[in-house]
Amino acid sequence: MNRLEVEFLGVRFPNPVVTASGTFNFGREYAHLYPLSRLGAVTTKGVSPRPIAGTPTPRITETPMGMLNAIGLENKGVDAYVASELPWLKAQGARVIVNVFGDEAADFAHVARKVSPYADLIEVNLSCPNVHGGRLPFAHDPEAAALVVRRVKDATDRPVLAKLSPNGPLLPVAEALEAAGVDGFSLINTLLGMRMDLERKRPVLANRQGGLSGPAIKPVAVRQVYELYRHSDRPILGMGGVASAEDALEFALAGARLVAVGTATFSDPYAPLKIAQELERELQRRAETWSDWIGAGHAPN
Amino acid sequence: MNRLEVEFLGVRFPNPVVTASGTFNFGREYAHLYPLSRLGAVTTKGVSPRPIAGTPTPRITETPMGMLNAIGLENKGVDAYVASELPWLKAQGARVIVNVFGDEAADFAHVARKVSPYADLIEVNLSCPNVHGGRLPFAHDPEAAALVVRRVKDATDRPVLAKLSPNGPLLPVAEALEAAGVDGFSLINTLLGMRMDLERKRPVLANRQGGLSGPAIKPVAVRQVYELYRHSDRPILGMGGVASAEDALEFALAGARLVAVGTATFSDPYAPLKIAQELERELQRRAETWSDWIGAGHAPN
Amino acid sequence: MTRPSLELTHERPRWDDHAVTLVTSEPLGPHQRLVLAMPALEARFEPGQFLNLSVPGHLLRRPLAPSRHEGTEVELIVTPFGPGTRDLIALPAGTRLQALAPLGNSFPMPAGEAALVGAGAGAAPLAFLAERLLCAGRTVHVFHGAVSSEDRPLVREVYERLGIGAHYFSEDGALGRRGYPTAGLAELLAGGADVTVYSVGPLALMRAAARLAIEHGRPGYVSLDVHMACGVGACLSCAVKTTAGQKHACVDGPVFEVREVVW
Amino acid sequence: MTRPSLELTHERPRWDDHAVTLVTSEPLGPHQRLVLAMPALEARFEPGQFLNLSVPGHLLRRPLAPSRHEGTEVELIVTPFGPGTRDLIALPAGTRLQALAPLGNSFPMPAGEAALVGAGAGAAPLAFLAERLLCAGRTVHVFHGAVSSEDRPLVREVYERLGIGAHYFSEDGALGRRGYPTAGLAELLAGGADVTVYSVGPLALMRAAARLAIEHGRPGYVSLDVHMACGVGACLSCAVKTTAGQKHACVDGPVFEVREVVW
Ligand SMILES: Cc1cc2nc3c(=O)[nH]c(=O)nc-3n(C[C@H](O)[C@H](O)[C@H](O)COP(=O)(O)OP(=O)(O)OC[C@H]3O[C@@H](n4cnc5c(N)ncnc54)[C@H](O)[C@@H]3O)c2cc1C
Ligand SMILES: Cc1cc2nc3c(=O)[nH]c(=O)nc-3n(C[C@H](O)[C@H](O)[C@H](O)COP(=O)(O)OP(=O)(O)OC[C@H]3O[C@@H](n4cnc5c(N)ncnc54)[C@H](O)[C@@H]3O)c2cc1C
Ligand SMILES: Cc1cc2nc3c(=O)[nH]c(=O)nc-3n(C[C@H](O)[C@H](O)[C@H](O)COP(=O)(O)O)c2cc1C
Ligand SMILES: Cc1cc2nc3c(=O)[nH]c(=O)nc-3n(C[C@H](O)[C@H](O)[C@H](O)COP(=O)(O)O)c2cc1C
Ligand code: FES
Ligand code: FES
Chain A
1 MNRLEVEFLG
11 VRFPNPVVTA
21 SGTFNFGREY
31 AHLYPLSRLG
41 AVTTKGVSPR
51 PIAGTPTPRI
61 TETPMGMLNA
71 IGLENKGVDA
81 YVASELPWLK
91 AQGARVIVNV
101 FGDEAADFAH
111 VARKVSPYAD
121 LIEVNLSCPN
131 VHGGRLPFAH
141 DPEAAALVVR
151 RVKDATDRPV
161 LAKLSPNGPL
171 LPVAEALEAA
181 GVDGFSLINT
191 LLGMRMDLER
201 KRPVLANRQG
211 GLSGPAIKPV
221 AVRQVYELYR
231 HSDRPILGMG
241 GVASAEDALE
251 FALAGARLVA
261 VGTATFSDPY
271 APLKIAQELE
281 RELQRRAETW
291 SDWIGAGHAP
301 N
Chain B
1 MNRLEVEFLG
11 VRFPNPVVTA
21 SGTFNFGREY
31 AHLYPLSRLG
41 AVTTKGVSPR
51 PIAGTPTPRI
61 TETPMGMLNA
71 IGLENKGVDA
81 YVASELPWLK
91 AQGARVIVNV
101 FGDEAADFAH
111 VARKVSPYAD
121 LIEVNLSCPN
131 VHGGRLPFAH
141 DPEAAALVVR
151 RVKDATDRPV
161 LAKLSPNGPL
171 LPVAEALEAA
181 GVDGFSLINT
191 LLGMRMDLER
201 KRPVLANRQG
211 GLSGPAIKPV
221 AVRQVYELYR
231 HSDRPILGMG
241 GVASAEDALE
251 FALAGARLVA
261 VGTATFSDPY
271 APLKIAQELE
281 RELQRRAETW
291 SDWIGAGHAP
301 N
Chain C
1 MTRPSLELTH
11 ERPRWDDHAV
21 TLVTSEPLGP
31 HQRLVLAMPA
41 LEARFEPGQF
51 LNLSVPGHLL
61 RRPLAPSRHE
71 GTEVELIVTP
81 FGPGTRDLIA
91 LPAGTRLQAL
101 APLGNSFPMP
111 AGEAALVGAG
121 AGAAPLAFLA
131 ERLLCAGRTV
141 HVFHGAVSSE
151 DRPLVREVYE
161 RLGIGAHYFS
171 EDGALGRRGY
181 PTAGLAELLA
191 GGADVTVYSV
201 GPLALMRAAA
211 RLAIEHGRPG
221 YVSLDVHMAC
231 GVGACLSCAV
241 KTTAGQKHAC
251 VDGPVFEVRE
261 VVW
Chain D
1 MTRPSLELTH
11 ERPRWDDHAV
21 TLVTSEPLGP
31 HQRLVLAMPA
41 LEARFEPGQF
51 LNLSVPGHLL
61 RRPLAPSRHE
71 GTEVELIVTP
81 FGPGTRDLIA
91 LPAGTRLQAL
101 APLGNSFPMP
111 AGEAALVGAG
121 AGAAPLAFLA
131 ERLLCAGRTV
141 HVFHGAVSSE
151 DRPLVREVYE
161 RLGIGAHYFS
171 EDGALGRRGY
181 PTAGLAELLA
191 GGADVTVYSV
201 GPLALMRAAA
211 RLAIEHGRPG
221 YVSLDVHMAC
231 GVGACLSCAV
241 KTTAGQKHAC
251 VDGPVFEVRE
261 VVW
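Residue numbers (my numbering), protein chains in the order written: chain A, 1 to 301; chain B, 1 to 301; chain C, 1 to 263; chain D, 1 to 263.
Hints are supplied without guarantee of correctness; some may be wrong.
Derived lysine to aspartate or glutamate pairs resembling DMTMM-like cross-links, with alpha carbons at most 20 angstroms apart [stated by the list, open to error]:
| id | chain 1 | residue 1 | chain 2 | residue 2 |
| --- | --- | --- | --- | --- |
| 1 | B | Lys-274 | C | Glu-215 |
| 2 | B | Lys-76 | B | Glu-104 |
| 3 | B | Lys-76 | B | Asp-103 |
| 4 | B | Lys-201 | A | Glu-288 |
| 5 | B | Lys-201 | A | Glu-29 |
| 6 | A | Lys-274 | A | Glu-288 |
| 7 | A | Lys-201 | B | Asp-292 |
To be clear about the criterion: a stretch of chain A counts as covered by chain B if any three or more of its residues have a C-beta under 8 angstroms from a C-beta of chain B, and this derived list gives those stretches [stated by the list, open to error]:
| id | region |
| --- | --- |
| 8 | 62 to 70 |
| 9 | 250 to 264 |
In short, the hints are calculated from the structure, not lab data.
Just so it is clear, CB atoms sit at the ideal spot from N, CA and C, and this is done for glycine as well.
The shape of chain A in the complex, shown without the other chains (with noise of 0.2 angstroms):
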C-alpha cells in the first residue's frame, strides 16, 4: 500500500512533495544525490521566451527563519532549456512542473506551448509584473491574470495551475481565474520583504525589496491555502516554509493535495526527499493516507 500517492488533474504522483520553483533550478545540481523520480515531481525554474540577466548582486539575504531573494527571474529562455534541460530531466523519470513566465499574455503561452512535451504540469507564475500593465504583478490584476490562463489554456493540452501571490488580493484573482478556466492553483509565491545593511545605511539586496520565503511564511502560507481551499473545488499545491513531514500535514489539513518544498532546501539539499520520507512513516505511524488528511482540517467538528 502506497500512502502517499496522489492523484493531481489527472498525473499520478508518487508522493505528494515537489521541489519549489526556483530552489532546484531544473534539477541537475541535486541528482547526484538522489534519483530524482522519487521525488513527487521537479518544479523548474521559471522559464521566459527570452534569457534574462536577473538583477545585480546582492540577490538574497538572510531574515528570522526566512530569506529575501530578488533573483529577478534569472534564467536562459525557453529554447535553452527544450534544448538540453528539459529533455534530461524527463529522461531521468522525474514527474515535470514547468514554471512559466513573461512580459505579456502571448509570452507566456509561447512558452508552455514549448515546454509542454516535457510537462506534467504548467504553472504559470502571475507575480512577475506585468509589464503592458504598468509594472503590477499580472496576480494583483483579476483580468490580466484571467488573459494569461486563458492563453495558456490555448496553447497547452497540459493541466494549468496559477500560481498566486500573498501581496494582492487572493479571493478575486481565484474566481476571475477559475472563469477563465484555470485547472488548479499553486500557492504562495514569496511575500514582499526587506533588510537593511546597519553598516551601509541602505537595504541589502541590490534590487532594495526581495520576496520573503522560509518558515517564518509559513502561517501566512497555510491560511491562504485554508481560504482559498474554502472557495475554490480547484486542487492546490501550497508551499510557504515546509521543511518537515509535519509542516507538509499542515498544508493538507488546510486544503493543499500536492506540497512544494523551496527553501528548505538550501537548508538541506535532501529535505524533499527527506520530507516525502517522514510523511510516510508519520502516516503509517498513524494508519493513515495523505489522501486522508487533505482538507480534513475543515471538518466543522
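We have chain A already, so just place chains B, C and D with the ligands on it with the hints.
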C-alpha cells in the same frame, strides 16, 4: 547629550522605543520591573466604547520566529480605563499612546474624546472590522478609514496616528488618510496567518486564523515602512518584530521616527528597556544620534 | 467554604526574570524530569504556581508548574507535546535559561483531608501539594490515571518518594486498576469523607473530578491549562470564563475553584 | 596563458552533505579559528574551494573557504560579520554541524612565482594556497593588509607557521609598513618577476590587485565574495558578470581570472 531624544508630532520622547499595543496592557504588569517613565512611551491595549470579552481560547500559538494571536480585542471598555488605568499610567510619568477602536467611526471618536486627557498621542487601530461596511477591516477601505480619522480629529486635540494593516493596500489608504488630516502613521499590525493542530486536525486557534507578529514579519514591516516613507511626509511609528537595537536601527533607516516593541516583550519583559539602552550604546560607539538614522536608508548612493 | 482563588493574588511576591541553569534532565518514561538551579529566586514556589521558561530557538516561553522546590533547586516534570517542549527536554544539563517566576496563584490548604486526582504531568503540581500536606500532617489520597503502564517511572519518582500509597488506574489495567482515577475519587467521596478535591490533568479528567466534588458538596480545585504568551497578565491570551466574569489564568489562576469555572 | 576557471569544473569530485564536528574554536584577534573534523569527506579540499556550513538557528548555510586540510581536519578562519558568523564563532567545541563540501573551483597553479595579496579572513584560502605552493617548491610572496595591528595573531597563525616571510601593511603602520598591501605587489611587479597574482579580501583590494596584474601583463586570480544561498548552482543568487557572460560564483567560481571579471 541625549542621543536618543526625539520629537514626534510636537511631543518629546526621551528615547524612540515604545511598547506595542496589546502586548503591554496598560503597563501595570511590568511597572515593578522598571519605571515606565524610562520607556519612550507606553502604547495601551486597544480601547473600545464598551467592554469586549474577546474570542474563545486558545488565543495564541507559536510559529517559526513568530506567534499568532486572536485575542479578539478583549478590553474593559473606555470608562473602566479612564477611571483607573489611564490616570495611574500618567501618574507614573510615562508618555502614553492610547490605542482606540470601535465598530464605526463615531465609536473611535467617542473613545478618543474620553481618553484625550491622558494621551500624548492617539493611535487609531484601523485593522478591526468595520461592522457597517460588511466586516471588511477599515484599513482595507480608504473611504471608511478616512471617515474614522476625520471624526477622531474632530474629537481630540491630540495628534492622531493611523495604524495601518499589512493585509490590504498600503498607499491608497495612506493617501486617503493624509487627505483626511491624519498626523502620522503607525505600522505594521499583524499579518493574517493560521497554524494547524495535527492531533485535533483543525486550526490551533479557536478563532481559526490569527495575527502573525514577531521577528518572522520584520522584513515585511521594514519594507512597508520604507514604502510609506517614500510616499508620505508624515512621521512614522514603525513596528513588527523589533527585538534588538539593530532591528530598531533597521526601522529608522527605513523611515521610522519611533519604533514599537511588541512580541519581544513576551520573550523578555525587559526588552523595551534593554533595546533603548543598547541603542544608546550603539549610537555612542558610532558617535551618532537616533535622528541621524531616520530615513537615512533612502539616500540615493 | 470555597475559597476563591483570586484572594491569593494579593499575598504573592512579585515575579521577576531569573537566570536559571538546567542541572539535571532525565527521562521518566515518556516524560522528562528537569531540575533547575534558581539561586536568585528569593521567593518559594507554592504548589500550583508556575514559571514561564525560555526555550532556545523559541520566541515564547513555556508555562510549567514545579513538582518540588528544595533549597535553590526547582524540579519540573515535562511531557513533550509540541516543538517547544520537545526541544526543552533535549537540552543538555548545563544549559542556561531564563524563567519568569513565581507566577500565578496556588492551591489553598484543605480544611480536612485531600484527594488528588491527576494524570500525566498533572502529577507535578499535585505531588508538590502532597508533600506540603504531608508536612502539615494531613491525610492525602492520590488517584493517578494513565493509558497503560507508561507512567510507572513518573509515579515512582513523584509519589513513592513521598511514601504515599497512591492509587493507580489505567485504561488497559497495566498500571493499578483498570479504569479512570475518578472511579477512586467517587468511592472516597461516597464514603462521606471530609475531603477537598484537587485535580490536574486533561480537561475531561478535571471536569469529571469537578463534577464529583460538586455532587458531593466538597470544595474542589483545578489548575487550568490555557495557552499562554506573557504569563503575567499583559497579553490576555489566557482568558477563562468564570461565574465571576472573565478572568485570566496566568494571574487569577491557574488554580480555580471548580464552581467558579464555566465548564 | 590565463586559465579560465570554468575548466576546473569538470575535474571536481561531487559534493555531498557531510556531518562534521567542531573540534576547536579559538580567537585570533578579531577573527576566530575553527577546526572541523570531517571524517566522511573523501575528497581533499583544493585551495580556493569552500564549504557551505550550517549554523544552528539559521536557515541558510554560510560559505567559508578553508585555510588548511590535514588528515580529516579542516581549518577555517572566520571573521564575525552578521548574525550568522557571530553565532558560529560562539559555538562550543563538540557541536555537530553539517557542511556541503567540497564546493567551487580552486586556484590554478602558477607557471612561475606567486604573489598573494590578502586582508582579513582572505588570508585563509591564500595561506592554504601558500602551503601547497611551498610543497611544490615554488617561490611565494605574501602581502597582507590590515587597518592596524589587529591581524597579528591571524598572520602568525596562518603564515608564520609555514615559515613564510610575509610582508605586512597597515593603514596606521602598527603592523608592518604603513599603507596597502598592493604597494608591495606593485614593487614586486615593477621588478619584472614572473609572478601570478592571487588576491582575496575586500572588493577594493582585489580590484586594485587585479588592475596591477593586468597592467603588468601577469595572470591574476581573485576569489569573489558573493552572497550565496544554495552554494551549488541551483538558486542563482551568486551571479557574476564576466566577459564570457553571466556566471555563478558557487560553481563557476569563487575563483575567477582577473580579466574575466567585469569589475
Ligand atoms: C500553568 C501551567 C502549568 C503547566 N505545567 C506543566 C507541567 O508541569 N508539565 C508539562 O509537561 N506541561 C505543563 N503545562 C503545559 C505546557 O505548558 C504545554 O504543554 C506547552 O506549553 C506546550 O508547548 P509546545 O511547544 O510543546 O507546544 P506548541 O503547541 O508548539 O506550543 C505553542 C504555544 O502554545 C502554547 N501552548 C501549547 N499547548 C499549551 C498548553 N497545553 N498549555 C499552555 N500553553 C500551551 C505554548 O506555551 C506555546 O506558546 C502547563 C501549562 C500551564 C498553563
Ligand atoms: C566562497 C566564499 C568563501 C568565504 N570564506 C570566508 C572565510 O574563510 N572566512 C570568513 O570569515 N568569511 C568568508 N566568506 C564570507 C562569509 O561567507 C560571510 O561573511 C558570511 O556569510 C556572512 O554571514 P553573516 O550571517 O555573518 O551575515 P549576514 O549578513 O547576516 O548573512 C546573511 C546572508 O547573507 C549571506 N552573506 C552575507 N555576507 C556575505 C558575504 N560577504 N559573502 C557571502 N555571503 C554573504 C550569508 O551567507 C547569509 O546567507 C566567504 C564567502 C564566500 C562566498
Ligand atoms: C531563490 C528563490 C527563487 C525563486 N524563484 C521563483 C521562480 O522563478 N518562479 C516562481 O514562481 N517562484 C519562485 N520562487 C518562489 C518559490 O517557488 C516559493 O513559492 C516560495 O519560495 C515559498 O516557498 P518556500 O518558503 O518553501 O521557499 C523562488 C523562491 C526562492 C527562494
Ligand atoms: C497579543 C497581541 C495583542 C495585540 N493587540 C493589539 C491591539 O489591541 N491593537 C492594535 O492596534 N494592535 C495589537 N497588536 C499588534 C501589535 O501592536 C503590533 O502591531 C504587532 O504585534 C507587530 O509588532 P511585534 O512583531 O513587535 O509584536 C497585538 C499584538 C499581539 C501579539
Ligand atoms: S498569558 Fe498573558 S495574560 Fe495570561
Ligand atoms: S549560491 Fe545558489 S547558485 Fe550560487
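Going down the list of hints, with the structure as the test:
1. B:Lys-274 - C:Glu-215: Distance ~52 angstroms between B:Lys-274 and C:Glu-215 Cα, so the pair is violated.
2. B:Lys-76 - B:Glu-104: 18 angstroms, holds
3. B:Lys-76 - B:Asp-103: 15 angstroms, holds
4. B:Lys-201 - A:Glu-288: 13 angstroms, holds
5. B:Lys-201 - A:Glu-29: 37 angstroms, violated
6. A:Lys-274 - A:Glu-288: With Cα atoms ~19 angstroms apart, A:Lys-274 and A:Glu-288 stay inside 20 angstroms; holds.
7. A:Lys-201 - B:Asp-292: 11 angstroms, holds
8. 62 to 70: holds (count 5)
9. 250 to 264: holds (count 3)
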